[in-house]
Structures are given as C-alpha cells and as structure tokens.
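A.B. asks: Here's the letter readout for the chains.
Protein chains: 2
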Amino acid sequence: MNRDPHSWARALDSLRAEIWRRLKRGVQDRRAPARHPTLATVSAQGLPQQRTVVLRAADEGAATLRVYTDLHSGKIADLRASPVAAMHVWDKAAHLQMRLHARVSILTGEEVGHIWAQLPEAARLSYGSNPAPGAVLDDALAYEKCPREAAFAVLHLELQDMDILHLGPQHRRARYRRADGWQGQWCAP
Amino acid sequence: MNRDPHSWARALDSLRAEIWRRLKRGVQDRRAPARHPTLATVSAQGLPQQRTVVLRAADEGAATLRVYTDLHSGKIADLRASPVAAMHVWDKAAHLQMRLHARVSILTGEEVGHIWAQLPEAARLSYGSNPAPGAVLDDALAYEKCPREAAFAVLHLELQDMDILHLGPQHRRARYRRADGWQGQWCAP
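For the protein sequence lines, the chains are A and B, in the order given.
The first sequence lines up with residues 4 to 192 when you count with this note's numbering.
The second sequence lines up with residues 4 to 192 when you count with this note's numbering.
Do not take every clue at face value.
Identical chains share a label here; the pair holds if one copy fits it or two copies do between them.
As the list claims (entries may be wrong) - Here are the simulated lysine-lysine pairs, BS3-like style, with alpha carbons at most 27 Å apart: (1) Lys27 to Lys148; (2) Lys95 to Lys148; (3) Lys95 to Lys27.
Calculated from the structure, these hints are not laboratory results.
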C-alpha cells in the first residue's frame, strides 16, 4: 500500500500535472496557496522588486498565467523596462516550492474591456487611485480610489521555465522548459 | 476604547517598530511568517529569481538581516553579478506586506567559522552537495548531501529601504529609507 501522500512528486509527468492542478486551484479558491503568489520584476535601475499578487488565470495548454494590476503601479514601469517576471509559490501542505519564469505582455484598453466589464464594483476599486500608487502623501489616508477602466491592466505571463522543489524525506527538484516541450528533467536540490 | 488590533499601523514610528518586532520574531519562531521570506535576486542575464529562505538574524539598530546558503547555489551566482536583493514577507494575521531592499555581502570562510561551529549536524546538511545545486540528474535522487564548511555562506543584507503596506479598512503604505534615517513617509497604496 502506498502511504506517500505526495507520490505525484516521484515522476516528472505527475509532478508537472500537480503543479498545474495547484495553480488552477489558486485561480478558483481564495484560500489556496497559489491564490497569492509573489511576483518579482526588475526595475529600470536593475533592482529586484517583489509584491504579492492575485492569480487570475492559469492555462495549462498554453502555459500562461494572468494577473491584474493598476496601470500606474511600479510593476508596470518595471515591466516596460524589462518584460520578464518570476512568480513564486510556497505550497506548505504539499511541501512544494514553485519558481516560475515568464515573459510578460501588458494588456490594456479594448483588449481587456471584456474582463473589466465583468469585474464587480468592489473589485474595480483596485484599479485607479488619486494620486497614483507610490506618490508621497502628507497624511496616510490622503488618497482616494477612483476606479476607471483606463487604469486597468492585465499581465499576461508566458511561462518560459518552471523550477520545482519538493521537500520530502528526500528532496526532489525538477526543471521544466517551454523550449523542451515541458518534458522536464531532474536536477540537484 | 481602542478596538483596532492594528493601531500600530496608524503612525510611521509604531509601524516601523512593528515591522522589526515581526522580523525578529521570524528569527526566533519557526512558525512566524517572517521565518520564511521570499528572497529575490537578479541573474547575470537580468532575469528575476526568487526562492524561499530562512531568516537567521535581524538587527534593528544596524538595519541588517542574515540568511544562510550553499556557496554553490544559484543565488550566489546572481549576487556576484549584482549584489542586491529584495526580501518579501506577507504576514497574513497582521495584514502586512513587507518589501525590503538591500545591498548584499557574501560572507564565507573564517568570517563565518564561528557560525558554522555552532550549527547542529542536521542543519549542516543544507550546505554542500554532490553534484552542486542545479546540476542535471538522470535520476531524481542521484545526489548526496556532503556538508562541508567550505560550502557554507552567510548573506548579509544591509537594508536600503522598506516599502510597507498595511491592508485595513483603509490601506496604508509607508516607505522608509536608510538615507533618511528610517524616519519614513506615507505614500499612496
């Protein structure tokens, strides 16, 4: 009898399938670890920048992910300087670290109008503020939310590789690459 | 009567003190959110890289943090190319996101011999493996741990700035800079 709750970690195919299962669960379930990944970008000055984001879409076939943001946020400036990002998820229950690397397209305007149209009013509050995110304030609350479609952007992440670490009685690490058709290979943890 | 459990978020000084309190708790308490920050670096190719690390020291007076690593890990190669890092903590109970930016020194050999000497045998297993971390393997378990002092490195993070976000009924964001003596200023979330 197989008592290993993480037997999916033993083979490259089942490990990759588990990664996508957990990413897709992140899109659906507010309490899933992949709901709130950490997104890293590189600023125009070459400095790494990180922030928590909300995972909005995960397409296994295309190996793409999506995140929404305010068009005036710092990450947009970073991505205009360098259109690459890393996404990090630590899934504690699965003992699984996902390190995903992507090229990023910034989608705005008509391209994402159908997404904006379906956002509830409360959700729209995250897109658009006065002054813009990061502006210096005299008082902590001297800003106002002013949701507007023109401030809404979708980050479309085309994954290039996934570096996966499973912490078990013996650790396993696998690297998957778009260029290799995502077949994967083991590497030393 | 003050019913706000996060009243420390209302003033720049008390918010900064709370950040350091939680960072120091991360060093002491394995279950604290700041125990396992995400560390971001920039590779020689200019790509952002992230991984979970363990916070080993937090010195409020000097505004420095420490992390241990294998000298042959990818993050060391990144830091030799670009000696800067970001550290990210999401403290869920406190509704607090910490984005810390640092210049990084890599300490090895005699400089850190006193730390190595005090590491339990089990802890030493994280430093030194054959082949080195990231090397391609034919089989997932075709590697061995071979702890050795020569593979032990301490990352010394000299914080340059802290970008802090508190999510409350009204969000507050503050930025603190070494160059300003850490006095802090509010900015738009």
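A.B. asks: Taking the hints in turn, state whether each one holds.
C.D. replies: Outcome of the hint check:
In this homomeric assembly, lysine 27 and lysine 148 never come within 27 Å of each other (Cα to Cα): the closest approach is 30 Å inside a single copy and 34 Å across copies. Taking the shortest alpha-carbon separations for lysine 95 and lysine 148, only the inter-copy value of 23 Å comes in at or below 27 Å, while the best intra-copy value is 34 Å. Proximity of lysine 95 and lysine 27 under a CA criterion of 27 Å is satisfied in both settings, with 17 Å inside one chain copy and 22 Å between copies.
The structure fails to meet hint 1 from the earlier list, while all remaining hints are met.
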